[in-house]
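Protein chains: 2
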Amino acid sequence: MRAELLMVGTELLLGETTDTNATYLARCLADLGIDLHYKSTVGDNWVRMTGALATALERSQIVIVSGGLGPTQDDLTREVVAAATGRTLVFDERAWEEITRLLRGRGRPITENNRRQAMLPAGAVRIPNPVGVAPGIWLDLNPRLVICLPGVPDELRAMMQETVMPRLRARTGASPLYSRVLRFRGIGESALETELMDLIERQSTPTIALYAGSGEVRIRLTCRAGSAEEAERLFAPVEQEIQKRVGDKLYASGTEPIEALVAKALTVQKATVAVAESCTGGLLGERLTSVPGASAYFLGGVLAYANDVKERLLGVDKETLKSHGAVSAEVALQMADGVRRTLGADWGLGITGIAGPGGGTETKPVGTVFIACASARGNRVVHHRFVGSRDMIRRRAALEALHLLYQALRDFDPA
Amino acid sequence: MRAELLMVGTELLLGETTDTNATYLARCLADLGIDLHYKSTVGDNWVRMTGALATALERSQIVIVSGGLGPTQDDLTREVVAAATGRTLVFDERAWEEITRLLRGRGRPITENNRRQAMLPAGAVRIPNPVGVAPGIWLDLNPRLVICLPGVPDELRAMMQETVMPRLRARTGASPLYSRVLRFRGIGESALETELMDLIERQSTPTIALYAGSGEVRIRLTCRAGSAEEAERLFAPVEQEIQKRVGDKLYASGTEPIEALVAKALTVQKATVAVAESCTGGLLGERLTSVPGASAYFLGGVLAYANDVKERLLGVDKETLKSHGAVSAEVALQMADGVRRTLGADWGLGITGIAGPGGGTETKPVGTVFIACASARGNRVVHHRFVGSRDMIRRRAALEALHLLYQALRDFDPA
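For the record, the sequence lines run as chains A and B.
This note's numbering numbers the first residue of the first sequence as 1 and each following residue consecutively.
This note's numbering numbers the first residue of the second sequence as 1 and each following residue consecutively.
Chain A on its own, in the form it takes in the complex:
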């Protein structure tokens, strides 16, 4: 069973919007064990949409179209699907009821163009939209299948979860694709491939693929299997061999973000954390609290952008600031230790650095970041020189702070 994505929207071709829908849909298909071979993006243009849809229907069994279901004139998906499949558009009373109920509930006027959103190709089934106006379209052309979803991410996701995923699961019955991700730090992609080359060439079930992530390299093992247990049996010997060769660089498995790994370790150890951020301005706190239930281990933090705030709220020494500068190992340590003590946390993290584009000096160029981790058991501080934009430097600094804490939590793990 092969699927294809057709993303519709001129805004996607003007660089104004990053297409997170495609990522999400791809993930859903992988979970269902449906192969995704192509993804295409076209603007709100009749000719190009029609051409792309025809191509997709030729080479793929399932075509998922996202976007173009809005009320306005350039929303053409309904018409294009009807035309490409030789159907008329039919007004769907039930869809219209839901549209008007939702608009009334939000106190929004019901305009004539909203009626377009209740039109479905003849023979299609409406996909209910629990969080927005536009219903989706499920058009079964047996054996082909066309699914149309709105481009608004929240709506698309809710409709996939509630309706499309269960229906596709029932329809395909294919062996799901299982994958296992091993994550490495301290080794580059090509060096890792060299270590494992013979294994990569020999292996077919599971396959082994390498890719560079942010601050890490990942190996993905993939196979089709009848059950998770069967997949596990296929993965185990390959994983053991990888462990044997490069196990010292392996720091985690799975695709959970580092903040989730930190959250688990803190929860298991019944420990709490507080953060003191300068150049990252809240990014570290944001990542730590992005995990549901973060209040169990995250007490809070201080965004100490101004030096005065570092002194008054974190107790950073004025003399240290003067002699070593705000961007220094000493200040990072005092920030981490200060926030830990002030908030009464087991662990404190401190970040101070120069995210740029201005503010760099010869000895401390843009990208210089000091990250400290403090606890009753001792302190650590690391010095980085990141390259890239302000945004990249900040993201990388927060990431490395999470890794510093994770490593410390593992080293000090009482279990």
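Treat the hints as calculated values from the structure; they're not laboratory data.
Ideal placement from N, C-alpha and C gives every residue a C-beta, glycine not left out.
Heads up, some of the hints might be wrong.
Quick look at which bits of chain B chain A covers, simulated, 3 or more residues with Cβ under 8 Å [stated by the list, open to error]:
#1 224 to 238
#2 257 to 268
#3 386 to 393
Beyond 10 Å from chain B on every Cβ pair, some chain A residues (computed) [unchecked claim]:
#4 Ser-40
#5 Trp-46
#6 Gln-243
Per the computed footprint, the stretches of chain B lying under chain A, defined by three or more beta-carbons under 8 Å from a beta-carbon of chain A, are [said to hold, decoys possible]:
#7 134 to 147
#8 199 to 213
#9 290 to 298
Starting from the known structure of chain A, arrange chain B on it as the hints suggest.
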């Protein structure tokens, strides 16, 4: 001049990576006035890559391929481009020199597979990579043009800026595409279209397009023009007419993120801001400090996740916490006012809410968020009930806090 993007990478079809490169490349092409009609994504697969490249070369003059230039076995772009254009691959000494110098500089071993990265299709020109290993490919097939760039975002961007953009600018000489974005709050997409329907249907230069953004609706006016002044002359009458009809809902123009608008307003008014965040955990601080030079107006903040931190660092009243609850208008106001006073800022923002998925009650369901803005001139507080995931609620809360401050800054603007 028509361009097409071909994004290569199995990881893009497995939903593990969001394709921000496509967004960036689309933006670059728009800036150059080059039309982008198609974007396709395929996995690291010889047959599908070759097919997609052939299709692209048939219908577009410029094809930009991103990804597949790494050192590993599944990096096929070099071979595919050579095969599709009937060329051999040639070892490029200069590229090899740069590759080995960079790897040595990073203390990374030079492996046999790195040599593949120095291979270029015969007749192609190397695109230097200032931040990574893989050089790019510029293959002029006059009139067709194939450009290959690595999939690593930092490398792709640096190479576009330094080499590809200047060369494309010199080559095309087309009238650039100008666009002007008008941003509205307090009116929905369909209501806005209804107000402007006759205008949208009548207009061709500039064209008028509507799209829903996060917490706002945008109108984009687009035209080709010989100069910015000429574009301005074309935009002016249409913009005036839009102003006349729905000007009361217009809050900004341009595509600058709201934090940049806030940054400008604070800078003009020589004012400072501090934040007190609970459910957003640093997201608001992160957005305010994402603007270069944020230290001019951002003093810092307190991430008051635990109630104890709200009391001790922000002076929130224990009784208020008890009687109204941590998620209340009263606590939001005390947080905003507390952080403003503690940090000595002109403006204070406070956010408290329930991001979920747990923690909701009947009277305060998940998505309930109170946002306060405090200043010497007075305080404001707003109550929201956002829908969606934890992440969406948090992002929306930070966004609305920025809008609350922006509106207050405009209302109190001394100028």
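Hint check results:
{"no.": "1", "hint": "224 to 238", "in the structure": "violated (count 0)"}
{"no.": "2", "hint": "257 to 268", "in the structure": "violated (count 0)"}
{"no.": "3", "hint": "386 to 393", "in the structure": "holds (count 6)"}
{"no.": "4", "hint": "Ser-40", "in the structure": "violated (5 Å)"}
{"no.": "5", "hint": "Trp-46", "in the structure": "holds (13 Å)"}
{"no.": "6", "hint": "Gln-243", "in the structure": "holds (21 Å)"}
{"no.": "7", "hint": "134 to 147", "in the structure": "violated (count 0)"}
{"no.": "8", "hint": "199 to 213", "in the structure": "holds (count 6)"}
{"no.": "9", "hint": "290 to 298", "in the structure": "holds (count 6)"}
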